[in-house]
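Just need the whole structure built from these sequences, with the hints factored in.
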Amino acid sequence: MNTYVENPLLFKKNDVFTAGAQIKKIQGNGILYTALIKRSLNHFPETVNQLDFSKCIIISKVEHKDLGPASSISTLTKINGVFGGNTITIGAEKDGIGNSISGSKAWESGQYNLVIVYHNSSYNMSTFKSIPLTIAY
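Numbers in my numbering are just positions in the sequence shown, counted from 1, shifted up by 1130.
These are computed hints drawn from the structure, not numbers from a lab. Incorrect hints may appear among the rest.
Below, simulated DSS-like cross-link-like pairs (lysine-lysine); rule was C-alpha separation at most 30 Å, straight line [unchecked claim]: (1) Lys1143 / Lys1208; (2) Lys1142 / Lys1259; (3) Lys1224 / Lys1142; (4) Lys1224 / Lys1208.
Here it is as structure tokens:
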């Protein structure tokens, strides 16, 4: 019996990276971020409050206010009838919220994490997901 080993996610300079996230069955007020973070920076946030924006390349930020029961939010956008996530070009000068990609978070080859963090301030609940990937800059 053979074991299947998945190829690592690899992105190169000028590749367009698309990230989509969705949170369901929520209500009230909250915020959702997707970010790329170099593992070499030893920054592994599990909540929105732990995000250090000097170390994060933000791909998207979505806020919601006064949602009713069993609502959902996502970073997906509909273009020409097709849903897709927010994008960032590997090597871009600015991130998804207009911050400069420089200093410790400047693009370079190495291991990164795609980090998705959500916080619901109405109910003081949070969740996160981290997905490893490699950038060959």
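Verification of the hints:
For the given pair, Lys1143 sits about 26 Å from Lys1208 by alpha-carbon distance, which is consistent with the 30 Å threshold. With a C-alpha separation of about 23 Å, the suggested pairing of Lys1142 with Lys1259 holds against the 30 Å cut-off. Distance hint between Lys1224 and Lys1142 is fulfilled; the C-alpha atoms sit about 17 Å from each other, no more than 30 Å. Between Lys1224 and Lys1208 the CA atoms are separated by roughly 23 Å; this keeps the pair inside 30 Å, and the hint holds.
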